[in-house]
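Letter by letter, the chains look like this.
Protein chains: 2
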Amino acid sequence: MTTVATPYHVPLQSPLAAIYASIRDELQQVEQTLRNQLRSEQSYVDELCRYGCLMGGKRLRPALVLLSAKACGEIETAHLTLAAVLEMVHTATLVHDDVLDGATTRRHLATVNSRWDNEASILLGDLLFSQAFFLASSLDDVFACRAIGRAANLVCEGELRQKGTRGDFQLSEAEYLTIIEAKTAELCACSCLLGAHYAGAEAAARQRLESYGRYLGIAFQIADDILDIVGREDTTGKSLGTDLQQQKPTLPLIRLLEIADADTRQRVLHLATSEAETAQAPLRDLFHRFGTLDYSQQQAHHYAARAASQLDALPPSEAVEHLHTLTEFVVRRFA
Amino acid sequence: MTTVATPYHVPLQSPLAAIYASIRDELQQVEQTLRNQLRSEQSYVDELCRYGCLMGGKRLRPALVLLSAKACGEIETAHLTLAAVLEMVHTATLVHDDVLDGATTRRHLATVNSRWDNEASILLGDLLFSQAFFLASSLDDVFACRAIGRAANLVCEGELRQKGTRGDFQLSEAEYLTIIEAKTAELCACSCLLGAHYAGAEAAARQRLESYGRYLGIAFQIADDILDIVGREDTTGKSLGTDLQQQKPTLPLIRLLEIADADTRQRVLHLATSEAETAQAPLRDLFHRFGTLDYSQQQAHHYAARAASQLDALPPSEAVEHLHTLTEFVVRRFA
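As they're listed, the protein sequences go chains C and Y.
Those letters in the first sequence? Residues 53 to 387, by the numbering used here.
Those letters in the second sequence? Residues 53 to 387, by the numbering used here.
Warning: the hint list may mix true and false statements.
Since copy identity is lost for identical chains, a pair holds within one copy or between any two.
[Said to hold, decoys possible] In silico SDA-like links for lysine to any residue, alpha-carbon gap of 20 Å or less:
#1 K300 x S95
#2 K300 x D169
#3 K300 x Y96
#4 K300 x S66
#5 K110 x Q259
#6 K300 x Q94
#7 K110 x D276
#8 K110 x E78
#9 K110 x W168
#10 K110 x Q351
#11 K110 x E83
#12 K110 x Q84
#13 K300 x W168
What the hints contain is simulated information worked out from the structure, not anything from laboratory work.
Keep in mind the model is a prediction, meaning the values are calculated, not measured.
Chain C extracted, bound-state conformation (with noise of 0.2 Å):
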């Protein structure tokens, strides 16, 4: 039994409790920056910055960072500095996300929308994103900085496109994946690549990582979005159900769209319109019946298979088998 501390929510029976214990003394060290970083003298700031910091959850983007190195090489200070940078970033997005979408749990806790109100979630998202540039700066040179930018850069890109597609029900399966490539697979790939950077990998193996990032973040977002349909609040413990909610298309939808006879269109559209929760239960049904699910099970398959294909041209080692396992449970969350 490991028994490795869960302060980043990580069940111990969890598959990911072995990759944890075999970065633990890391990860706690990133938590301790984390604390660091996010403390204030005013109690209401402080207060407001370590409730933050829990929204984040299973710390996976640190964990990108620190297997990552140790794929390529031994993970140094500026590992532990950059992952909680990018855990940072995503914890800004979420406060900022949990706003957009006015989900009220998160982790099993009120969200901080919820719990203090949405400009308070607002300004610790913004201290939270600025706080991570700041960290980044710190290190001698200005990759960690230009790679950081960029990535939240394009986070924010994909959410705004992302907002501008609400209702918008003609969304092709290419345009979706093009927008959750980048509101979540930009900061994962990130994530390995200074992984690899920052452990002198040479230019191929960094960029091996970075796709293996990248292609996993999409299979993560995909399976996201297949448990805001068919995932239960107790057990995912968050606000669910808020893209159809919203008439956010995703991937269920867009193929049901796509593959249905000029009827049960009709009927799809009528329901993904309506404004009435009831219309969610026969949306849901249709999915069944057209095999959407599936689909968007397979093609999220398909995304953590491309990102296990690239691992295989790192020399074996517990790091790159643990990176091998990460693909497998982004698909698994909804078996």
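On the provided structure of chain C, position chain Y as indicated by the hints.
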């Protein structure tokens, strides 16, 4: 008659016109950088960015970068980049501020939150933040990233602290000053510091210009808070009266509570905590009767004079004269 083109909203008859004319070509390059940086292939994102760009207004921070550079040496390419970066950070905070304040007008234009919605504002602000940091990292060294990351972080913490003081009518003048120093003056200080640094200034000159920017920013914010009480929406071009409405204690109110007799104090507290719009007029009368608007103006003048005194040790030049003019301008807005 100066014939400077003013995409940055400086009326030709403004005392600032001569200042802006002296750095016209450079400011136009900054505008070009802003336009290039904030372009998107997605029409929704592109329109939002172009509109957001107009919100910044008179380009005070770019002017501070450029004039500080000229006061110490030559304007380099780095200055043009950094001027755009600082304007983007500033605009990001304005766009988010307008959400927090529920403001509907800025620079005589509908705010992003009122023309689009709060979500668009949150995402646009995030995009501006991240794009600014990305652009800052295009420089060869981390100096600018550190200075901007630190300043942006202080701005956000200042905003959060100010939010924490809503309805706190115990707030002292000293605490108020600490908050406005963080939320407004830091970015001005940073603009001047970077202008001086990248012009190769000595440590002493750099520090003096940084202090100049800080005192100027404090004077500017006190003046802004006075304008929120006594200004006219048709001349300032933005929503006013929001501080009182949101129970945000600013200097005229803080001073009034400090010097008023017990009975008046009770009355002020009653009015300040009232949600009725009719409470604003009697409060304004009390500010006038107890001279706390005059007192606040004197304080603004005091900080403007401290800013000006920082310039004494610099070699005389046209740029230094323009920096002097700015100290007069910030406090003359309410004259």
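Now for the hints, and whether the structure bears them out:
| no. | hint | result |
| --- | --- | --- |
| 1 | K300 x S95 | between (38 Å within a copy, 18 Å between copies) |
| 2 | K300 x D169 | between (24 Å within a copy, 17 Å between copies) |
| 3 | K300 x Y96 | between (35 Å within a copy, 16 Å between copies) |
| 4 | K300 x S66 | neither (31 Å within a copy, 48 Å between copies) |
| 5 | K110 x Q259 | neither (25 Å within a copy, 43 Å between copies) |
| 6 | K300 x Q94 | between (38 Å within a copy, 17 Å between copies) |
| 7 | K110 x D276 | within (14 Å within a copy, 44 Å between copies) |
| 8 | K110 x E78 | within (14 Å within a copy, 47 Å between copies) |
| 9 | K110 x W168 | neither (23 Å within a copy, 34 Å between copies) |
| 10 | K110 x Q351 | neither (24 Å within a copy, 50 Å between copies) |
| 11 | K110 x E83 | within (12 Å within a copy, 42 Å between copies) |
| 12 | K110 x Q84 | within (15 Å within a copy, 42 Å between copies) |
| 13 | K300 x W168 | between (26 Å within a copy, 18 Å between copies) |
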